[in-house]
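Work out the full structure: start from the sequences and follow the hints.
Protein chains: 6
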Amino acid sequence: MIQKIQKEKDFTHFDNDGRARMVDVGEKNPSVRTAVAAARVIVSEETWHLIKSGGMKKGDVLTVAQIAGIMGAKQTPNLIPMCHPILLDGVDLHLSLVREMSAQTIYAVDIIATVRCSGRTGVEMEALTAVSVAALTVYDMCKAVQRDIVITDIRLLEKTGGVHGDWQRTENG
Amino acid sequence: MIQKIQKEKDFTHFDNDGRARMVDVGEKNPSVRTAVAAARVIVSEETWHLIKSGGMKKGDVLTVAQIAGIMGAKQTPNLIPMCHPILLDGVDLHLSLVREMSAQTIYAVDIIATVRCSGRTGVEMEALTAVSVAALTVYDMCKAVQRDIVITDIRLLEKTGGVHGDWQRTENG
Amino acid sequence: MIQKIQKEKDFTHFDNDGRARMVDVGEKNPSVRTAVAAARVIVSEETWHLIKSGGMKKGDVLTVAQIAGIMGAKQTPNLIPMCHPILLDGVDLHLSLVREMSAQTIYAVDIIATVRCSGRTGVEMEALTAVSVAALTVYDMCKAVQRDIVITDIRLLEKTGGVHGDWQRTENG
Amino acid sequence: MIQKIQKEKDFTHFDNDGRARMVDVGEKNPSVRTAVAAARVIVSEETWHLIKSGGMKKGDVLTVAQIAGIMGAKQTPNLIPMCHPILLDGVDLHLSLVREMSAQTIYAVDIIATVRCSGRTGVEMEALTAVSVAALTVYDMCKAVQRDIVITDIRLLEKTGGVHGDWQRTENG
Amino acid sequence: MIQKIQKEKDFTHFDNDGRARMVDVGEKNPSVRTAVAAARVIVSEETWHLIKSGGMKKGDVLTVAQIAGIMGAKQTPNLIPMCHPILLDGVDLHLSLVREMSAQTIYAVDIIATVRCSGRTGVEMEALTAVSVAALTVYDMCKAVQRDIVITDIRLLEKTGGVHGDWQRTENG
Amino acid sequence: MIQKIQKEKDFTHFDNDGRARMVDVGEKNPSVRTAVAAARVIVSEETWHLIKSGGMKKGDVLTVAQIAGIMGAKQTPNLIPMCHPILLDGVDLHLSLVREMSAQTIYAVDIIATVRCSGRTGVEMEALTAVSVAALTVYDMCKAVQRDIVITDIRLLEKTGGVHGDWQRTENG
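Chains as they are written, first to last, in numbering that gives the first Met the number 0: chain A, 0 to 172; chain B, 0 to 172; chain C, 0 to 172; chain D, 0 to 172; chain E, 0 to 172; chain F, 0 to 172.
Derived by calculation from the structure, the hints in this document are not laboratory data.
Honestly, I wouldn't trust all of these hints.
[As the list claims (entries may be wrong)] Each computed EDC-like pair below joins lysine to aspartate or glutamate, with the alpha-carbon atoms no more than 16 Å apart:
| # | chain 1 | residue 1 | chain 2 | residue 2 |
| --- | --- | --- | --- | --- |
| 1 | E | LYS51 | E | ASP109 |
| 2 | A | LYS51 | A | ASP109 |
| 3 | F | LYS51 | F | ASP109 |
| 4 | B | LYS51 | A | ASP9 |
| 5 | E | LYS51 | F | ASP9 |
| 6 | A | LYS51 | B | ASP9 |
| 7 | C | LYS51 | C | ASP109 |
| 8 | F | LYS51 | E | ASP9 |
| 9 | D | LYS51 | D | ASP109 |
| 10 | D | LYS51 | C | ASP9 |
| 11 | B | LYS51 | B | ASP109 |
| 12 | C | LYS51 | D | ASP9 |
[Unchecked claim] Not close to chain E: a few residues of chain B, all C-beta gaps over 10 Å, as computed:
| # | residue |
| --- | --- |
| 13 | ASP9 |
| 14 | VAL97 |
| 15 | ALA102 |
| 16 | ILE105 |
| 17 | THR113 |
| 18 | VAL144 |
| 19 | HIS163 |
Keep in mind that this is a model prediction, so the values were computed, not measured.
Note that beta-carbon positions come from the ideal geometry of N, C-alpha and C, so glycine has one too.
See the structure below:
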C-alpha cells in the first residue's frame, strides 16, 4: 500500500536513484508567491513580564528578534541544502506577547512572518526560517533568566501562487 | 513587584540604558561546556512511511537533515545577533523516526543535538540552532507531499560547564 | 511642523506600527538601475608614499582593496538588515591616490564604485557598501604604519532608474 | 628618501616580494585587547527629527542600525581580506542623535563601538567595521527621505593590549 | 605576436587600465543556460574499499560530499571575486566509485555536476565549484585513513545557452 | 579482509552507527600546526602569455586569485560539513607561472598555500580549500579566452603538529 502512495506522491528533492538534488525549476513560470508562517515561544510568567517591561525601552527583546528573523529569511538557501536561492520582494515579521487564559495560563511570544517573491519557487522555507530564527533569538535574549523556554508550533499558515495554487492551514491541520 | 524581579534577574544582553549588546565574556575562564537540545517534527502517517522507505536508499531525508543541522550549528553567531563566535569542539546530531501509540498515534522525527566547546560561553544556542535547521530541512524535503507538518518542542535538555554550573531539564519543565 | 513632514515623507522601512520590515517591492517593475558612490581615505604623507611605491609591485594596497570592495558589494543584503537580495549586473570600483594642494596638503585614497542591476530595487546600498569595504581594507593594509587614518565622505554621487527617476548630487549637497 | 622610510616602517600585510598575505600571528601571546572606533552620519534637520520622533516607537532607526553593527563586527574577517578570524569577547555599540550648534548647525547620528577580545590580534578592524555597517544601515533606513546623507569621520579612538601597547587618538590626530 | 592575440581575445574581467571588475551583463538577455563539470578524487585501494563498505550505511562519504557540493554551488559568488550572483534553477551532483583497470589500477571517486539557470551569465563556475567542494569533502572524510589523496581533472565538460552558444569538451581538450 | 582494515583504520567522521558527525576534539591539546597544499592549473600557451603580460599591470589574474584563495581559506568550515571552525594564525598563498619543457610543453599556474594555526585540529582542509578557490578564480578570470582549462594535482604537501605528528608527501605519494 505504501508502494502505491509512493507512485502517486514522492519527494521531489530526490532523483530516481535516491540521490538528493536541487530540483530544476527552470520550466516553471515566475509568478507572485507569498507564504505566511508562525511560531510560538512559551515562556514563564516572570520572563513574559520582563520582556513586556523591556518593551518600553528601545532595543527590547522583540525588536532584536524581529530584525534577526528578517535577516534570517535571507540566509535560507545557505542553511537548507536543497533550497533555491531566491530574490525576496518583501519580508514582514510580527512578534507579540500573548497570554492565553485556560486551565493553566500560557505565557508566550507569538511570531508571524509574511514573505513575498516573484519567482520560480515558493517562499515557505523563507517564512519558516524567519520565524525560527526570530524564536531562537527570543530564547537567546531570555536564556539568562530562564532556561526551559520551549519553541513550538513552527508551521505554515498559508501560501499563494505557484503551480499547486493557494493553500491554507485548517484548524486541525 | 516586576521591579523587584528585575533587580534580581535581568537580561544580560541589554545594558542599563536598554541597548542590546554582545555581553563581555572576557573575564570568564575557558572551560569545557556541553549542551544537548531536542526538536520534534510531527508528520502524517503517509509522510512517515515515505521517510522510512527512503531511508533504505542513500541520500535519504534524515541524512540530508543531519548534515544541514551540523552545518547550521556553525552558522549560529551569524544568525543570532548577540551570540558570540565560538570554536565548536564537536557536534553530534541524531534523527530518528518515532511512532507514539496513544489515543491518537503520533508520527514524528525526533532530533537531538549534542554540542561541545572549550570556551568562555555556553553552546546552548548552537545546539538549539542545530536541531532547528535539521527540523526545517526535514520540512523542506517533505513539503512536496505534506504542507501541514509542524515543528515543535525545540528545547534545551541539559547543559554542563560554565559559571552557572550544570543544568538538566525536568520532566514538566 | 515635523508632524506635517512625517505625513508627506516617511521611512518606508517601518510599517504603521513602527516595526521594521523589508518593504514589498513586488509591484515595482524591473528596470535598469545604476548607482555611483564615493569615499575618501585620508592618510599621512608617509603612508601615501608607501602606498604609491607599493603600487609598482603586484599585490599592492589598492588592488587588495578593490577586490574586497567588489566582493563586499555582494554581501550588502547580509549586512544591511532591510536590504533586498539583488542580482548585480556589474560592479566597477576605482581607487586612486590623490594629493590636494591647499593651505594644508591633503593626502588621500579616493574610491568610486559604479553598480548596475536590472531589478526591482536600487543599488545605492551596494555602491555605498562597496566603497566602505574598500576603504576599510585600505585602513587594514596600512594600520601597521599609521593608526589615525580617517575614512570620510562616504556618499552617493548619482543614481539612475527606478520609480523616483534619476538623481545627482549637487556640489553643496 | 622614501626608500629609507620603507626600511623602517612597512606594510606587514605584504611579504618581501610584494604579495599580500595574512600575517602569521602564531608567535604572539594571547592578551586582552580592546578597540574603540567612531563614525558620524550627517543628516538634514528634517531627517534628524524623523529619526528622533521614530525613536519613541519600538523598531526605530537607531536600534536597527545598532543590531546591524554588532552583527557586522562578526563579519569582519569575511569582508576584509587579510583580517584574521577572531573570537570576540564583547561588542558594545552606541548610537546617539547629536546637534552641534555652530555657524551652521550640524545634525548627525554619532556612533561609537567598543570591541573586546582575548586573542593574538587586535580588534581595530572589528570596531571600525561595526561603526561602518551601523552607519550604512542608518543611511539605508533614511534614504527614502534623504539621498545626500554623508557618512564621515570613521576612525579609531583608542586601542589597548597587544605588542605595540595602548594607543589613543589625539585631538588633531 | 602576443600583442595581436590580445587585440582579438582578452580577459573580460579587466578594464582597459588593467583593473579587475565584475563585467556588466545588463545588456545580455536572460536565457536558459546549463553547465556540466567534473572532478576526480584518486584514492588508495584501501580507502576505496572503506568508502564502498560505508556506502551500505546511511550517512556515507559520498552522500555527505554530494550535499556539500550542492550547497557549495550556492556559495560561488561569495568565493570567486568577479562572479555574478545568480539564481540557480537546479543542481544535480553525482558521485560514483570507479576502478579503472590499466597497467596500474586507478581507484577513484568521480564527480559530475549539472547546473542550470535562466539568467544573464553562465553557470560554469557554479558547476566547477560544486565538484571542487564535493571533492574536498571526500578528502576531509577520508583524511584520517589516507593523507596523500589527490584531487584532479577539475574541468568543464559542456555548456549550453548564452551569447557564445553551446560548447562541448573534446577528448583531447 | 576489508572488515579487518575497518577495525584498524576507520573514518573518524562517522560514529558506530554510520552517522556523520563533527568529531569531538575537546580532549586534544592546542598546538602549533601547519599545512602546505598545492594545485596546478593547466592552461594553453596563449592563455599563459595573456596572464604573463597582464601581470605587468596591477590587478592581474594571479593577484585576484591569490586574494580569493586567502579569503577562501577562512570559508573552509562553512563549505566542508564536518570541518571544525578554527582560528587561522596565518595564510600564505603563492601563485607562479610555470612552463615545463618535456615531449609536450606544459603551460601552467602553480599554486602553493601555507596555513598555520594554534589549535585543536589541523589545517589541511584550509590549505586545500585555499589552493582550490585560487585555482577556480584563475579559471574564472581566463574562461573568456579558454574554456578547456584543467585544475589538477590538488594535494597536501606536508603537515606539522598535532597528535599524529609531522607528515611529508613522498615523490610517488
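Hint by hint, here is what the structure shows:
| no. | hint | in the structure |
| --- | --- | --- |
| 1 | E:LYS51 <-> E:ASP109 | 13 Å, holds |
| 2 | A:LYS51 <-> A:ASP109 | 13 Å, holds |
| 3 | F:LYS51 <-> F:ASP109 | 13 Å, holds |
| 4 | B:LYS51 <-> A:ASP9 | 13 Å, holds |
| 5 | E:LYS51 <-> F:ASP9 | 13 Å, holds |
| 6 | A:LYS51 <-> B:ASP9 | 13 Å, holds |
| 7 | C:LYS51 <-> C:ASP109 | 13 Å, holds |
| 8 | F:LYS51 <-> E:ASP9 | 13 Å, holds |
| 9 | D:LYS51 <-> D:ASP109 | 13 Å, holds |
| 10 | D:LYS51 <-> C:ASP9 | 13 Å, holds |
| 11 | B:LYS51 <-> B:ASP109 | 13 Å, holds |
| 12 | C:LYS51 <-> D:ASP9 | 13 Å, holds |
| 13 | ASP9 | 38 Å, holds |
| 14 | VAL97 | 17 Å, holds |
| 15 | ALA102 | 33 Å, holds |
| 16 | ILE105 | 23 Å, holds |
| 17 | THR113 | 16 Å, holds |
| 18 | VAL144 | 19 Å, holds |
| 19 | HIS163 | 35 Å, holds |
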